[in-house]
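Student: Listed below are the residues making up each chain.
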Amino acid sequence: MRDRLPRLPAWIVRRTVGPALADDVLGDLEERWRRDASRSRVGAWMRALRVALSVAWHAWRDRRDRARPRRRIGAALILQDARYALRLLRRQPVTSGAVVLTLALAIGASTALFSVVNAWVLRPLPFATPDRLAAVWETIPSAGIDQNTPAPAVFHAWRDRLTSFDAMAALTRGTRNLTGQGEPARLSEIRAQPSVLAMLGIRPVVGRIFRDDEGRAPAAPVVLLSQACWRQRFGGAPDVVGRIITLDGAGYEVVGVLPANARPFGFDPDVWTPLAFTPEEAQSFSRYLWVLGRLKPGVTVETASAEVNQITASASENAIGARAVSLRTQTLGDTRADVLVLFGASGFVLLVACANIASLTLAQVVTRRRELAARQALGASRGRLVRQVLIESLTVGTIAGALGFLLSGWATRAVVSLAPAAARLGDVNAFDPRVFGFACAAGIGTALLFGLLPAWQSGRIDPAGGLRAGGRSSTAGRRRLLGAIVAAEIAMTLVLLVATALITRSFLRMNAMDLGFDPDGLVLADLPRPGSLDPVAFYGEVERRLRETPGVRGVALSQGLPLATVGAMGGGFSIEGQPADARVLAYWRSANADFFRTLGVTIMQGRAITADDRAGGSPVAVVSESFARRAWPDGGALGRRIGWGTAETPITVVGVAADVRQSRATEPSPTVYLPYPQVDGWSPSQIAVRSDLGTAATGDLLRRVVHDVDPAQPVEHVRSASDQLWELLGRRRFHLTLFGLLAAMATALAIFGLYALLASALSAERRDLGIRAALGATPAQLRREWWGRGLRLSAFGLALGGLAAWWSGGLLDGFLFKVEPRDPVAFAAAAALVLATTMAACWAPARRAGRADPVETLREGP
Amino acid sequence: MPQIAEFELRVLLTVRRLGEAAYAVAVHEDLERRTKRRTSTGAVYITLDRLERKGLLDSRLGDPTPERGGRAKRYYRLTRAGVTAVREEVRVMRRLWDGLDIVPEES
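These protein sequence lines map, in sequence, to chains A and B. Just so we're aligned, residue 1 is where the first sequence starts under my numbering, counting upward by one. Just so we're aligned, residue 1 is where the second sequence starts under my numbering, counting upward by one.
None of these hints come from the bench; they were simulated from the model. Note that this is a predicted model, so its numbers are computed, not measured. The C-beta atom is built at its ideal place from N, Cα and C for all residues, glycine as well. Check the hints yourself; a few may be wrong.
From the structure, some residues in chain B lie toward chain A, with a derived Cβ separation under 8 angstroms [as the list claims (entries may be wrong)]:
#1 A21
#2 V25
#3 S40
#4 T41
#5 G42
#6 A43
#7 I46
#8 D49
#9 R50
#10 E67
#11 R68
#12 G69
#13 R71
#14 A72
#15 K73
#16 R74
The task is simple: from the sequences and hints, build the whole structure.
Tutor: Put into structure tokens, the structure is as follows:
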């Protein structure tokens, strides 16, 4: 009779619990067995088995719970990993510092550009119902003009007949002389119909806006101040409402102050006065209005545009069209494309930075093999390792993101100061919450981007392979991956460099454009219409005094000098002997006798305007080459006659002048020059002085002379022509500077990336090199091989980048000037630069490879 | 201080109650009787072992007997840490029960 415990339950217990516990259990089981077996063997056996199984089951559960620690609260674990990550970073301060810094710079750049995009492109206009507001323009398709200010007659016709808008109002810009408040000052002005303010939903800071009746002729003598003007000139005094100020010699009552965001069309005037049309003015064809319309709900801007074009074209026999454009597009203009493309470019830099860090981290995974393998052996699961490496990346990403956000504050200000559109579009808040969100997202996103791959790789470390020193686990595969990453970096860098090269060429081309006049030594200034004196007398006197001053070589007067953005007026000129509808649309400028000589405009045929072309004399004009070509394609402009607008007597052409550009970027337009004494109602308001005295001295001289002749006449905006040209290139310079900076960052990162890759490959393959050197490879051979490696990678990157740049050429359209997006010179220059930097990166590693010492390596042992 | 699970608390209380005679089978029987619930034997063994590992229980071996095939019986008792743990757990329970209307009457 068996009086010992049956074997099966005993075996189960012994197999599933430790020896001490097994003894306890078996002891109890045996005790029980001896008692039960005398009564019922089967029952006793069953009972013993049941207990054994129960013990085995619970033991298994217990063991499982011990092996997988209960999930502590996620945060505690993550913090532990983060602290470990920080310790790791501190252990290698130089590398970690470099990594964090490069990422922070890249994040800073893209965050800065994002804040600009956020402020200018994403944010809606600060007006009521901004999406329903549109600007309406006249167009002259034959002359390529798509933004012409309409005349009151056209405006009123639109208002009566258009059905797409539920409100339409007009405004115009001007200037006013403010006197009686210290120095006479020239203020910029908007004259607007009262409904403009209502349409825009602008609420006054102080006082009120215009009433509707103040916009009925005759316009009430009331004025609204801008907030800036109120603060600057009136000290922000709250009692300014009700005060009478003197504008152009007449008294205007201040009725309110407008807030800073009251900027229709991007204008930022000092004062607003009401615009009113007398019945005659309402029928005038003088083109000077800026028209705002509010679309009816549900009507699209395209529909409105088509409607207004159809009405205008049919009324003018298709000579003139019209279009409507949303106010947002109007205000943003080119800037939208500009900042978006630049933002995209900064994204490239970010990607290059990520690629750099990814390759560095990947390389580190290999060197940390042992550590990771040991941790795995001690019980860390694969998931835990992956999570830990990921958290290391996230720690770097978070620090870099925070640093980048701080840097972006400064960078944003720099970008805005360079952007010429900033004056129009307003301030950018670098610390907007959306911007902060972007910086966070960038930090985390880039961390994931460069951290996922190494993290995944670290989960695949084989513990056995890792602990054995020198174990090679898929090194070849890893090397290829790293190589691919660096090649991608080089490709992206090439794209940025090609863009920069193209923009540089554009800039140089534009700078070299012939203006048609000589800007050197030319000083320009604005003289608004004189208040008290007769214009001819006033200007004649000013001119005389200036010319008598030694050093002054010439004085030009016009109401629209080249390089002035406003002033040249457009009009249609009828040609004698040609049908009335074959009018030539051209700009016209009033000019004094010295105009052409002073500006350096060549007279190709005939003569310039002279002092004999006086008021009351026979009307004469000098036309530009392009006008002559358009009007008389077969030649013979001299002596012909043209008619203009309301002038009754035809004008005789006495000279043909070379074409003049308004700025380097614009094509010359046909122009007609009229002696200013013969032009009714338009006196010169701009003066150009050519002198040897230098800009400052000339400016002072000008101010003194004008003051002597008429003390109430302000002289504004004194600048040298060269400076103004430089300013006009502002947009181009903006592109060039930013693209250049971004390309430089990417290039630096790419060089560093390539160098680091080669250097780490070098140390990983030191043994191989030593062995090869021992087997007879010469230093030159080894060097060549390493050069080859680097250049091959570079070539691959160049090919990839070249394709990408080719394919994406169209994106740069608005940025280029007379340069094709696929310009071979630019491509070649960029490729050459990449090649040169590649060689710089390869130089040191190749040299080190050549110096591989077989003795050293063999001494290290297997 | 390690956290005690509910079952572990019951085992600890039973060990305390049994005093000198707290060995696995006795704990199991007493627990079943008092809780009026079927309790798994294996759970008791493993829990006692785990509590000892956690430092809440101490154990000593009695004399080996032939009925046990020459094996000794293991007796458990609460350590100081075990006593503190139980007291804390009860305190927490009391705080949770405080003022509630569902506390059952003593039966």
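Student: Look at each hint and say if it fits the structure.
Tutor: Taking the hints in turn, this is what the structure says about them:
A hinted interface residue such as A21 of chain B counts as satisfied when its beta carbon comes closer than 8 angstroms to some beta carbon of chain A; here the least separation is about 14 angstroms, so the hint is violated. Interface hint status for V25 of chain B: upheld, as the beta-carbon distance to the closest one in chain A is roughly 5 angstroms, under 8 angstroms. This hint holds: S40 of chain B has a C-beta 5 angstroms from the nearest C-beta of chain A, less than the 8 angstroms allowed. Hint status for T41 of chain B: holds, given a least beta-carbon distance of 5 angstroms to chain A, under 8 angstroms.
Annotation: G42 of chain B was flagged as interfacial toward chain A, and the flag holds, the nearest CB pair being 3 angstroms apart, inside 8 angstroms. For A43 of chain B, the interface hint holds, since its Cβ comes within 8 angstroms of a Cβ in chain A; the closest pair sits about 5 angstroms apart. The beta carbon of I46 of chain B is positioned within 8 angstroms of a beta carbon in chain A (closest approach about 4 angstroms), and the interface hint is therefore held. This hint holds: D49 of chain B has a C-beta 5 angstroms from the nearest C-beta of chain A, less than the 8 angstroms allowed.
At about 6 angstroms, the closest approach between the beta carbon of R50 of chain B and any beta carbon in chain A falls short of 8 angstroms, and the interface hint on this residue holds. For E67 of chain B, the interface hint holds, since its Cβ comes within 8 angstroms of a Cβ in chain A; the closest pair sits about 5 angstroms apart. Evaluation of the R68 of chain B hint against chain A yields a held restraint, the C-beta minimum of about 4 angstroms falling below 8 angstroms. Contact between G69 of chain B and chain A, as hinted, is supported at the beta carbon level, the nearest pair being about 4 angstroms apart and thus within 8 angstroms.
With 8 angstroms as the threshold, the beta carbon of R71 of chain B comes within range of chain A, its nearest partner Cβ sitting at about 3 angstroms, so the hint holds. Interface hint status for A72 of chain B: upheld, as the beta-carbon distance to the closest one in chain A is roughly 7 angstroms, under 8 angstroms. For K73 of chain B, the interface hint holds, the least distance from its beta-carbon to any beta-carbon of chain A being 6 angstroms, beneath 8 angstroms. Restraint check, R74 of chain B versus chain A: the minimum CB separation of about 5 angstroms is within 8 angstroms; hint holds.
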